[in-house]
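This is what each chain is made of:
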Amino acid sequence: MAKSPKKSKSKLWFLVHSWLALPIWFFVLIVCFTGMLAVVSQEIVWLANPDVRASKPADSAERLSFQQVLDALNKAEPDMSVRSLSQPDGAHFALNARVTLADGTTPTLYVNPYTGAIQGKMPDFNFEAFTRALHGWWLVPFTNGYSWGWYLVSLLGLPMLASLVTGLVVYKKFWKGFFKPVRTGHGSRIFWGDLHRLAGVWSIWFIAVISITGIWFLIQAILGDNHITISSEPVVPVIAREQVPQTNDGSPAPRIDLDEAARIAGLAIPGLDISFVSLPATAYSHIDLGGRGWYPLMFQSAAVNPYTRVVDSQFLLGDRSALEFVTESMRPLHTGDFGGLAIKLVWFFFGLVLTLMVLSGLLIWTKRTAQATAAALKRSERAPRARASDITAEIQP
Amino acid sequence: MKHLIRRLALPLLVLAAGPALAHNPMCECEAVDAGQVKCTGGFSDGSGAPGVTLDVIGYDEQVLVGGKLGEDSTLTFKRPDGEFYVLFDAGPGHVVEVDYADIAQP
Amino acid sequence: MSQARALPATPLKQFWLKWRFHLNILLILIPLGFMPKYFADARMFRGDAGLGVNQISDIQVGPYSLDLAELRDEAPRADGPAGHFKAFNAALCKACTNEVKAVYLRIGKPRSLRAAGTIFFGAPYRMGTNLPVPPRTRPDAQVWVTIEGWDGSMHQASVPLAKASPATVAWLEKQGGKP
Numbered sequence: 001m002a003k004s005p006k007k008s009k010s011k012l013w014f015l016v017h018s019w020l021a022l023p024i025w026f027f028v029l030i031v032c033f034t035g036m037l038a039v040v041s042q043e044i045v046w047l048a049n050p051d052v053r054a055s056k057p058a059d060s061a062e063r064l065s066f067q068q069v070l071d072a073l074n075k076a077e078p079d080m081s082v083r084s085l086s087q088p089d090g091a092h093f094a095l096n097a098r099v100t101l102a103d104g105t106t107p108t109l110y111v112n113p114y115t116g117a118i119q120g121k122m123p124d125f126n127f128e129a130f131t132r133a134l135h136g137w138w139l140v141p142f143t144n145g146y147s148w149g150w151y152l153v154s155l156l157g158l159p160m161l162a163s164l165v166t167g168l169v170v171y172k173k174f175w176k177g178f179f180k181p182v183r184t185g186h187g188s189r190i191f192w193g194d195l196h197r198l199a200g201v202w203s204i205w206f207i208a209v210i211s212i213t214g215i216w217f218l219i220q221a222i223l224g225d226n227h228i229t230i231s232s233e234p235v236v237p238v239i240a241r242e243q244v245p246q247t248n249d250g251s252p253a254p255r256i257d258l259d260e261a262a263r264i265a266g267l268a269i270p271g272l273d274i275s276f277v278s279l280p281a282t283a284y285s286h287i288d289l290g291g292r293g294w295y296p297l298m299f300q301s302a303a304v305n306p307y308t309r310v311v312d313s314q315f316l317l318g319d320r321s322a323l324e325f326v327t328e329s330m331r332p333l334h335t336g337d338f339g340g341l342a343i344k345l346v347w348f349f350f351g352l353v354l355t356l357m358v359l360s361g362l363l364i365w366t367k368r369t370a371q372a373t374a375a376a377l378k379r380s381e382r383a384p385r386a387r388a389s390d391i392t393a394e395i396q397p
Numbered sequence: 001m002k003h004l005i006r007r008l009a010l011p012l013l014v015l016a017a018g019p020a021l022a023h024n025p026m027c028e029c030e031a032v033d034a035g036q037v038k039c040t041g042g043f044s045d046g047s048g049a050p051g052v053t054l055d056v057i058g059y060d061e062q063v064l065v066g067g068k069l070g071e072d073s074t075l076t077f078k079r080p081d082g083e084f085y086v087l088f089d090a091g092p093g094h095v096v097e098v099d100y101a102d103i104a105q106p
Numbered sequence: 001m002s003q004a005r006a007l008p009a010t011p012l013k014q015f016w017l018k019w020r021f022h023l024n025i026l027l028i029l030i031p032l033g034f035m036p037k038y039f040a041d042a043r044m045f046r047g048d049a050g051l052g053v054n055q056i057s058d059i060q061v062g063p064y065s066l067d068l069a070e071l072r073d074e075a076p077r078a079d080g081p082a083g084h085f086k087a088f089n090a091a092l093c094k095a096c097t098n099e100v101k102a103v104y105l106r107i108g109k110p111r112s113l114r115a116a117g118t119i120f121f122g123a124p125y126r127m128g129t130n131l132p133v134p135p136r137t138r139p140d141a142q143v144w145v146t147i148e149g150w151d152g153s154m155h156q157a158s159v160p161l162a163k164a165s166p167a168t169v170a171w172l173e174k175q176g177g178k179p
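Protein chains in written order, with this note's numbering: chain A, 1 to 397; chain B, 1 to 106; chain C, 1 to 179.
Heads up, some of the hints might be wrong.
To be verified - No farther apart than 25 Å at their CA atoms in a straight line, the calculated lysine to any residue pairs in the SDA-like style are these:
{"#": "1", "chain 1": "C", "residue 1": "K109", "chain 2": "B", "residue 2": "L87"}
{"#": "2", "chain 1": "A", "residue 1": "K75", "chain 2": "C", "residue 2": "A95"}
{"#": "3", "chain 1": "C", "residue 1": "K94", "chain 2": "A", "residue 2": "T108"}
{"#": "4", "chain 1": "C", "residue 1": "K94", "chain 2": "A", "residue 2": "K173"}
{"#": "5", "chain 1": "A", "residue 1": "K121", "chain 2": "C", "residue 2": "D58"}
{"#": "6", "chain 1": "B", "residue 1": "K38", "chain 2": "C", "residue 2": "S112"}
{"#": "7", "chain 1": "B", "residue 1": "K38", "chain 2": "C", "residue 2": "A40"}
{"#": "8", "chain 1": "A", "residue 1": "K9", "chain 2": "A", "residue 2": "K173"}
{"#": "9", "chain 1": "C", "residue 1": "K94", "chain 2": "A", "residue 2": "K9"}
Calculated from the structure, these hints are not laboratory results.
So here's chain A without its partners, still in its complex pose (with noise of 0.2 Å):
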């Protein structure tokens, strides 16, 4: 890169903004492409697998309770344990049930919410999943706390943003290029720079939302991983020994069904919309059920006692502290699954728009500086190796 000793602001600016990706661009172009993909993955398996729709029987057909559907899934499987039922955000998906086999495998079972019908099981490659971990912590493992490629990935955020920055400083009055054609007919280095200046302020938004929020995970990480937590949730992990109830011919203890469990929570939380139930993972544990509330990007959540039918906690959208609010604002404004298929799709194109960005911003780099810097390299490979403290300047012809 050419560097005379003076440089005046604006070059400088435009310097680190060129450089802020580059050493590692290929790196920053397969995280937006994943993270593209991420956002619309449910959608994308539930085009390539009937088993994951919620196919109506009938256009009258109602959907069934979360207990109408256990019983249909203990009568077809009785020795399958049930752990857990959600729905996804969508009433096109079918439920997801977790369960667990009798051989002790767990897979994840997609269950038609209208006649509580099995209709296939999560394949060995969960598509969602691997594009999650490939985006969010590069399949790096999980060992002590947080993986280091999430730590690699999150970090990513602060050159993103100074990116945005330095990019709105160098580009003089931008807000008039909301409308600017792009060139055709000048030559590739002016059609990709136009494109990448058109395309970055139509993405202002969008690219700041992705980067504060991707530097969110890297601080969420720290603070994970120093044990510090802002949580204001309640910890109550398990119900007291007294309250369980002893048996004499030593069956289980009965406890409410989820339909009661759900009752009693809206009758405790009035409005709060369930779309998920967690059933007691021992007999010591609560039915945990939630669901969003007004605020979509954010779960409410109560767990019923179900020997005492009491809510023994709850967390509602009221029980949050103001930096809860945002802090837990900002995972679902990253991934963009807080308003259904519109704003996933706006979030995906938004990504393929940054994904291009991060692509156009190369080609330009490339055909700008690249090839004079190879072909400095060049001269400096065939020149006798300089001292640490000769500097020799060439100049090219």
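Use these hints to put chains B and C onto chain A, whose structure you have.
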């Protein structure tokens, strides 16, 4: 990590890939002046445990000091003579035992 | 293109300028390299790789029996101020599942039901728990399984820690007398 598979709209559950040990109970006790012991309880993610039972039990299983952690997740008590252990009891299977031998004498 | 260039001054800078894009290749190699482990872990969590490692089958605990296995063949993992933990899985015998209320695991014989250790979570055919491993545990320690029945009964059995998790014993021996 049985944790995280957030995609299934189960934010409370941890992903299979995320930090697996997020919520283990913990209790630390130290000797403080005037022959007292101060115990602090909580969970490994940094959460406190206010109101959780903390009992000081002799080796003969007699409860010497029966108490609950305060709002600051601590309990201070006079160190009993003889052999004892401190039991942080957040429910069945969520206990931590601290033996008197592990609480250093000041 | 006409540009004035200053050639890199130090060999290190030359090295960097020449090889920096190979950093990309290195970064790409990371997920490729971890892919086998990723899929192996996915299999393990699905339960398709068995109950675990170093499985001890049919441990008689009173009238019941269960299988015990550590999740991974490795030393205990640190969880900050809470200490070190070892993940174990267990599977109850089919006939037992109805009568068994809870299953606990502890290093050393429990003093009482209340202090029976850590509880196993999940379905009876594949339950998991995090067993705390006190740093001064002796290498010849026993792991105690406690089963609580719905009728209030309590049954116990023990297996050597060296059998349940050889990696943990190796770790303990390396720790020596370190607190």
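These are the hints, each one checked on the structure:
no.	hint	in the structure
1	K109/C / L87/B	holds, 15 Å
2	K75/A / A95/C	holds, 19 Å
3	K94/C / T108/A	holds, 22 Å
4	K94/C / K173/A	violated, 73 Å
5	K121/A / D58/C	violated, 30 Å
6	K38/B / S112/C	holds, 24 Å
7	K38/B / A40/C	violated, 45 Å
8	K9/A / K173/A	holds, 16 Å
9	K94/C / K9/A	violated, 75 Å
In the structure shown, a violation is registered for the earlier hints numbered 4, 5, 7, 9, in ascending order.
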